[in-house]
Amino acid sequence: MKNPIELGSFWLPRQGSTLAERIDSAWAAAYWVSVLFFILVAGATVLFAIKYKRRSERDKTSPIDHSTTVEVVWTLIPLAIVISLFFVGMRGYVHASVAPAEAYEINATGEMYLWTFTYPDGTTTVNELAVPRGRPVRIILSSKDILHAFFIPEFRVKQDVVPGSYTSVWFEATEARETVLLCAEYCGSGHSDMMATVKVLEPSDFDKWLEGNNNSDLPPEELGKLLFAKRSCATCHSLDGTRIQGPSLKAVFGREEELADGAKVVVDENYIRESLFNPGGQVVRGYPPVMPSFKGLLKDKEVDALIAYLKTVK
Amino acid sequence: MSQTVTTLDVNTAPDGGHGTDYIRAQSGIMSWLTTVDHKRIGLMYLISTFIAFAMGGVFALILRLELLTPKQTIMSANTYNQMFTLHGAVMTFLFIIPSIPGALGNFLLPIMIGAKDVAFPKLNLLSLYLYWIGALFTLSSLITGGIDTGWTFYVPYSSTVTTTSVLSVTFGVFILGFSSVLTGLNFIVTMHKLRAPGMGWYKMPLMLWAIYATSIVQILATPVLGITLLLLIAERAFHIGIFDPALGGDPVLYQHFFWFYSHPAVYIMILPGMGIINELISVHARRRIFGYKAIAFSSVAIALVGFLVWGHHMFTSGQSEFAAIMFSFLTFLVAIPSGVKVFNWIATLWRGSISYSAPMLYALSFLILFSIGGLTGIFLGMLSVDLHLHDTYFVVAHFHYVMVGGTVIAYIGGLHHWWPKITGKMYSERLATISCALVFIGFNVTFFSQFIMGSRGMPRRYYNYLDQFQPLHAFSTVGSWILGLGFLVMIICFIKSLRSGAPAPANPWGGLSLEWTTASPPITENFVRTPIVTKGAYDFNTENA
Ligand code: HEM
Ligand SMILES: [Cu+2]
Chain A
1 MKNPIELGSF
11 WLPRQGSTLA
21 ERIDSAWAAA
31 YWVSVLFFIL
41 VAGATVLFAI
51 KYKRRSERDK
61 TSPIDHSTTV
71 EVVWTLIPLA
81 IVISLFFVGM
91 RGYVHASVAP
101 AEAYEINATG
111 EMYLWTFTYP
121 DGTTTVNELA
131 VPRGRPVRII
141 LSSKDILHAF
151 FIPEFRVKQD
161 VVPGSYTSVW
171 FEATEARETV
181 LLCAEYCGSG
191 HSDMMATVKV
201 LEPSDFDKWL
211 EGNNNSDLPP
221 EELGKLLFAK
231 RSCATCHSLD
241 GTRIQGPSLK
251 AVFGREEELA
261 DGAKVVVDEN
271 YIRESLFNPG
281 GQVVRGYPPV
291 MPSFKGLLKD
301 KEVDALIAYL
311 KTVK
Chain B
1 MSQTVTTLDV
11 NTAPDGGHGT
21 DYIRAQSGIM
31 SWLTTVDHKR
41 IGLMYLISTF
51 IAFAMGGVFA
61 LILRLELLTP
71 KQTIMSANTY
81 NQMFTLHGAV
91 MTFLFIIPSI
101 PGALGNFLLP
111 IMIGAKDVAF
121 PKLNLLSLYL
131 YWIGALFTLS
141 SLITGGIDTG
151 WTFYVPYSST
161 VTTTSVLSVT
171 FGVFILGFSS
181 VLTGLNFIVT
191 MHKLRAPGMG
201 WYKMPLMLWA
211 IYATSIVQIL
221 ATPVLGITLL
231 LLIAERAFHI
241 GIFDPALGGD
251 PVLYQHFFWF
261 YSHPAVYIMI
271 LPGMGIINEL
281 ISVHARRRIF
291 GYKAIAFSSV
301 AIALVGFLVW
311 GHHMFTSGQS
321 EFAAIMFSFL
331 TFLVAIPSGV
341 KVFNWIATLW
351 RGSISYSAPM
361 LYALSFLILF
371 SIGGLTGIFL
381 GMLSVDLHLH
391 DTYFVVAHFH
401 YVMVGGTVIA
411 YIGGLHHWWP
421 KITGKMYSER
431 LATISCALVF
441 IGFNVTFFSQ
451 FIMGSRGMPR
461 RYYNYLDQFQ
471 PLHAFSTVGS
481 WILGLGFLVM
491 IICFIKSLRS
501 GAPAPANPWG
511 GLSLEWTTAS
521 PPITENFVRT
531 PIVTKGAYDF
541 NTENA
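If you read the protein sequences in the order shown, they are chains A and B.
Each residue of the first sequence is one higher than the last, beginning at 1 in our numbering.
Each residue of the second sequence is one higher than the last, beginning at 1 in our numbering.
Hints in this document: simulated from the structure, not taken from any laboratory.
Glycine is no exception: its CB is placed at the ideal position from the N, C-alpha and C atoms.
Some residues of chain A that are not near chain B, with every Cβ distance over 10 Å (derived):
#1 Trp209
#2 Gly246
#3 Val303
Between beta-carbon pairs, the in silico distance windows are:
#4 A/Phe38 x B/Asn464: 29 to 37 Å
#5 A/Ala260 x B/Lys71: 24 to 32 Å
#6 A/Asn213 x B/Ile143: 46 to 54 Å
#7 B/Ile240 x A/Glu105: 31 to 39 Å
#8 A/Pro289 x B/Phe475: 34 to 42 Å
#9 B/Ile441 x A/Leu7: 24 to 32 Å
#10 A/Ser204 x B/Ile441: 51 to 59 Å
#11 B/Pro471 x A/Val35: 21 to 29 Å
#12 A/Glu21 x B/Pro471: 26 to 34 Å
#13 A/Val46 x B/Ile240: 54 to 62 Å
#14 A/Asp304 x B/Ile227: 48 to 56 Å
#15 A/Ile50 x B/Ile51: 34 to 42 Å
#16 A/Gly8 x B/Ile227: 42 to 50 Å
Using the sequences plus the hints, can you model the full thing?
This is the structure:
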């Protein structure tokens, strides 16, 4: 992802959804009002500072210390302007709040520090959101732990993900391309790495994608490698010995690990499976217990594949 | 002929049996720690809050240095998170909220109304001690493992997840709240009870109206923060389940409580700054202030209506759409009085006699920077636009333009303005001008670039960021060095003034409010004889007079 947020104008990202146009026109209204008033205020400040520079200690100054007319005018005109801006902002907001009834629904779950997406047919993905182009999509958001926020700059959508309740956003993507989903509500050490790829696909490609994501006839090691990347294991585990959030998985199979409670364990098939499904159970000493559970997200075949793959990482 | 009081000459006599100036009146460290003189207390506030500002500033420079490159530059993610939390908490609770009321408010308020001291001098000293104790608790986290929640302490991260020392910091802020409430209370009573003969409410300098409005907010809003923090402490320590959804609580409720205080708190930060600007502009342009009553009432209006807009921090939190719409509307209404003040200040410049002294240069900077801060608030108040901008660097830039470009610039301008009165020494205009220019340039380089980053989608509180933002981040970091240099020059300028500045006359700028009628520095009792006010604070000599 070299340049995942593409620019549409100097100020704003490219418009990737139907919402973006509306929000950008509201932005433009605020922008030109601001530019106008800034020129007025800064211009007058600088002009007066030059024009009325003190020339002698005995300068006389204006005795005028109020003018009701002027004050009423300069209160009412800005008032009218900001009230119109309020309505512009409100209309876009109402539009963004109510999803069309026929929208395609995807569940999204945020947790420290990844996004999981579940499609109506049961397909789940981690840190990869694929959506069809030209069709309203409603994302139903929930959190497994704390507050996060679902933010796709190119689509101009943002919504907090709140534990204990559901929130949602909707959008209709307009271009078949890739962009990025970011977490915008501070959530701790991995906050700024909590990202997902957003893939907008042509409707027919989207159907193919859904199918293709459900099964795979790859050999186990390769499927495992694919899953390792797709399920974002690499966010926390390196394969080259570097320490990130979790222990490096370089040559992990057969290694002896010391656990938080001091016990020793040799990494085998069962330990890997346990780590995937019940990660809080046997935490390696010196690491925070932050790994999410993949229970329900990985099929047995996929666990086998991951184990097969880890055996190959020397 | 145009003087405010009749006792001018007597009051400028530094001695003559009427006592020495407040600094030399007594000596020894105990004489300071047990003093009830509002000027000494103000001076101790000045020094304490300045230390806080310097600390917060160093944190800021380190943060910016880390952000020079997208991945790790000088520290780990956890350290970074603790650093921005402390930066925010120190700047907010230890510097900007207490500084102007505590330092300039304490020093000037009694003198400006012609009183000997505040209404409750011992309570005033207690406020200072509470400030120190609160500061110690807050800063103790530095050695007990930091705190990484952000200065907003949002739950459930703060209550259930983080292992850092949330308790000591929130308890510290709780204590600081008491300090703030007591100061506000003291000021309100002082203004009601101790004004000198002849000083009607409409004769008061506008700085005092602003402090009055600030005090109202301090008294009404701060207790809510106190209760919220106690609930958070209870939640964290005993899992009572008010905020934690796992126990049936509601994390959004915390945000309502928090912002019910912290939005008004934004006015505790900006109103005193606005108050200072009135004095700077009218005195250094020798011009009657334009629209005295509009300015006075708008301060009070901002303070009161400011209680109704907290929800604009929560447009994307999942509060009801109806609530969001109401909050947006009220936000625009409360913006109007601030705009009106700006117009009044500019009208005061019109046909004035503008000196390019440091206080005026700061006031002019304020007008420009605060306008940018205010205008960008329009974007954030517009519901649909805020969906895109919320929690991005656009917000970071916006509040730094208001808090630093507004309040801090006004405060520094005010410090130069009253420096001769407080210390009895003049400062070097040349150094002050250089530092003002560096601050203005450095500030804009640092923070204007952040508007661009934010609108392009750079979220705030990010330790790592997408490569594409590096040029703007690097630009901003270089700006922070210029800004830091500007503040350094300012400090050098003040230290030089203390060591070798020329003695200050009683009234170096030709101001008309009461503080300029007493000696520089004032005697312990402020005035030799109680002043009698016959003219307003802004009745400058005019062409028809
Ligand atoms: C003097 C130069 C300053 C610089 C270079 C600076 C820089 C920064 C930086 C880099 C951040 C972190 C932004 C993020 O990731 O969200 C930040 C946050 C913040 N700053 Fe400053 N700052 C400065 C002064 C101030 C002052 C005077 C205040 C006083 C109100 C202040 C208040 C805050 C607050 C409240 C936050 C938010 C902290 C949080 O997100 O929890 N800053 N600043
Ligand atoms: Cu996050």
